[in-house]
Amino acid sequence: MTPPRALTRSLLAALLMAALLLPMIAPTYYLQFFAKAMLLAIVAASLNLVVGFGGMVSLCHGAFFGLAGYVLALASPSSSGASLWTSLPLALLVVAIAAALVGALALRTRGIYFIMATLAFGEMFFYFFHDTRVANGSDGIYIYFEPEIVIAGWRLVDLGNKTSFYYVALASLLLAIIVISTLVRSPFGAALMAARDNEQRARSLGFPVFRIRLTAFVLAAVLAGIAGYFSASQFGFVAPQTLGWHVSATLLIMVVLGGMKSVLGPVFGAFVLLGLEEILKSNIEHWKLIEGVIVIALVFMLPGGLQHLAQLAFSDRRAPAGQPGSGASRAGRQHHG
Amino acid sequence: MTTVLEINDLQSFYGVSQVLYGVSLTVGAGEQVALLGRNGMGKTTLLKSIIGLVSDRRGTINVMGQDAVRLPPESIARLGIAYVPEGRGIFGSLSVLENLKMSARPDRAGRNHWSIDRIFAIFPRLAERQRHGGQQLSGGEQQMLSIGRALMTNPALILLDEATEGLAPLVVRDIWTSLAMMRAEGIATIIVDKDHRSLSRVADRMVMLAKGTIAFSGTPAELASRPDILERHLGV
Chain D
27 MTPPRALTRS LLAALLMAAL LLPMIAPTYY LQFFAKAMLL AIVAASLNLV
77 VGFGGMVSLC HGAFFGLAGY VLALASPSSS GASLWTSLPL ALLVVAIAAA
127 LVGALALRTR GIYFIMATLA FGEMFFYFFH DTRVANGSDG IYIYFEPEIV
177 IAGWRLVDLG NKTSFYYVAL ASLLLAIIVI STLVRSPFGA ALMAARDNEQ
227 RARSLGFPVF RIRLTAFVLA AVLAGIAGYF SASQFGFVAP QTLGWHVSAT
277 LLIMVVLGGM KSVLGPVFGA FVLLGLEEIL KSNIEHWKLI EGVIVIALVF
327 MLPGGLQHLA QLAFSDRRAP AGQPGSGASR AGRQHHG
Chain U
410 MTTVLEINDL QSFYGVSQVL YGVSLTVGAG EQVALLGRNG MGKTTLLKSI
460 IGLVSDRRGT INVMGQDAVR LPPESIARLG IAYVPEGRGI FGSLSVLENL
510 KMSARPDRAG RNHWSIDRIF AIFPRLAERQ RHGGQQLSGG EQQMLSIGRA
560 LMTNPALILL DEATEGLAPL VVRDIWTSLA MMRAEGIATI IVDKDHRSLS
610 RVADRMVMLA KGTIAFSGTP AELASRPDIL ERHLGV
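So the sequence lines, in the order shown, correspond to chains D and U.
Numbers 27 to 363, taken from my numbering, label the letters of the first sequence in order.
Numbers 410 to 645, taken from my numbering, label the letters of the second sequence in order.
These are calculated hints, taken from the structure and not from any lab test.
Just so it is clear, CB atoms sit at the ideal spot from N, CA and C, and this is done for glycine as well.
Hints may contain errors.
Label pairs and their calculated CB-CB ranges [claimed, not checked]: (1) U/Val-425 x D/Arg-134: 14 to 24 Å; (2) U/Arg-479 x D/Thr-34: 47 to 57 Å; (3) U/Arg-527 x D/Arg-211: 38 to 48 Å; (4) D/Pro-213 x U/Ser-464: 18 to 28 Å.
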C-alpha cells in the first residue's frame, strides 16, 4: 500500500518546514551534520537516476563528487576565496567532460562489465590524485577560504556562516530533487526506464538508448558535482579518499537502503545511514561492525528499501481491490517493478 | 506501387552459424505479407535482421529507399518500421498509458495518423487498463499494447512475430481485426503466425521460408492450389 497522496504531501511539507526552521533550535554541530547529510543525499539521489531509473550500477559516482571538490581546491587562490560564479561552472564543466568520457566508454558494456568498467575508471581518478603532485598527492589539498558569492561588490551569502551554508545545502537538495523528479516524469525519463526494462525493445521503437543513458549518466554526475563542490567548501579539505571506490559503495548502500523506485528513497537512505553512523560512532567502539549488522537486517526486513516502511504503515487502509489507479495497483507496481 | 522494403540476397549470422542464405523480398506500400515456415527456418531471424537486432547481416536492405543494412535498430525504426516481437517486450514499470505516450512519434512526413484515443477505440480493453502497470497485463492485453505502441510510431511497415501465439480465442479475434484495420490504413505488414488459414484471409502474399531461403512466394490462392508446398513445409 502506498500512503494516500494528500497525506504524503502534508508529511513532506512538514519535513520541509522542519528543515527550514531547524537552524533556530539546533546547535551548530547539528547544522553542520545536516548540511553534510543533505549534500550526500543529493549524490545518492543523483546516483539513483543511473542505478534505479537507468538500471546501470555505477561504481564511479564518488569520483565525480570528489572531482568537483578538487577543481574548487585547485581553482582557489591561496589568499582569498574563489568566486563561485566562475569556480562552480568550471567544476561542473570538468565533471561533465569526465563523465561524458567515462560514460562513452563504460556504457558500451552491460551488467557486471559495466560495474567493473566504472570501478576501474573510479580507481583511475583515485590514483591520478593519489600518485601525482597535481593536488598534493596522498596528503590531500586544503581550501583555506570558502568560495565567495558576490554580486556587484555585495556579498550575497557567506558560505563560512554555518546557518547560511545550511540553507545553501538545503536549497541545493531541493533543486536536485526537483530536477530529478522532473526528468523522471518527462518523456526522457520514460525512455530511460523503457531501456532499463527492455533495451532491444526500446531500440527497435526508435529510442537512441546509448545517447539517453549517456545523458542521464552525465546529468547525474553534474548533480553529484554540485554536492561535491559545496562539500569541499564545507570541510575545506579534499583528499584522494573523497573520490575512492568506497565512497561510491557507500552511496550505493544509501540508494539500496532508501529504495531505488522513487526519487526520495535515496534521500532518506542517506539520512538514515549517516544518522546511524553518527549515533553509533559516539556510543560504540567497533561501530562499523554494528552498522553492518543493522544495514543487513534492514535490507532483509525491507527488501524494497525504506520507502517500503511507508507502504507497510498504511497497509490496513486497503483501497477497494482492482480499481485502476488505486493504491493497490500502484503498490503492486512497486513490488514487481 | 512504391516499395517500403527491398531486401536483396540477405545473409544473416549468429556468431559462426548462418541462418539466412540469400533471402530477397520486396514489400510494397500497404502490402500484407504473411511469413510461413516451420520452427527454426529463419522467420524471426528475418524480422530481426530487418529491424537491425541481428547485426551480423550481409546483402542489401533498403527501407523507404534508404540503405539500412549498416544502421542500428533505433535508426531503422525511425525510417518507419515498427517491430512487435514474440513475447511482446512491454515496459513493465510503465503504465499502459505511459507505454503508448512514450512511443508517439509522427511519420517521416511529420503526420500523426494515430492517437491514444484511436488505439483505445481498437482495443477498448486497454482503455480500461490504462493506469495499470505493464507487468499486470494478461498476455492478450500485452499483445494489444505492443501493437498499439507500434501504431503510435506511425510506421509505414509493421513486423509482427507470432501475432496470436498462445492467446485466448477472443483476443485472437481482436488481433485479426486490428490487422484488417492496419490494412485499411495502408500500413504494410509482415506477419508471422502458425495459423496459415487466417493469414491467407488477410495477406496479399504468402511467403514460405525453408532453411533460410524462400521456398515459395505467391498469392493465397496460388498457395492453396499447391498442397504439396503446404505438405512439405508446414506438414499440413
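Each hint, compared with the structure:
| no. | hint | verdict |
| --- | --- | --- |
| 1 | U/Val-425 x D/Arg-134: 14 to 24 Å | holds, 23 Å |
| 2 | U/Arg-479 x D/Thr-34: 47 to 57 Å | holds, 50 Å |
| 3 | U/Arg-527 x D/Arg-211: 38 to 48 Å | violated, 25 Å |
| 4 | D/Pro-213 x U/Ser-464: 18 to 28 Å | holds, 27 Å |
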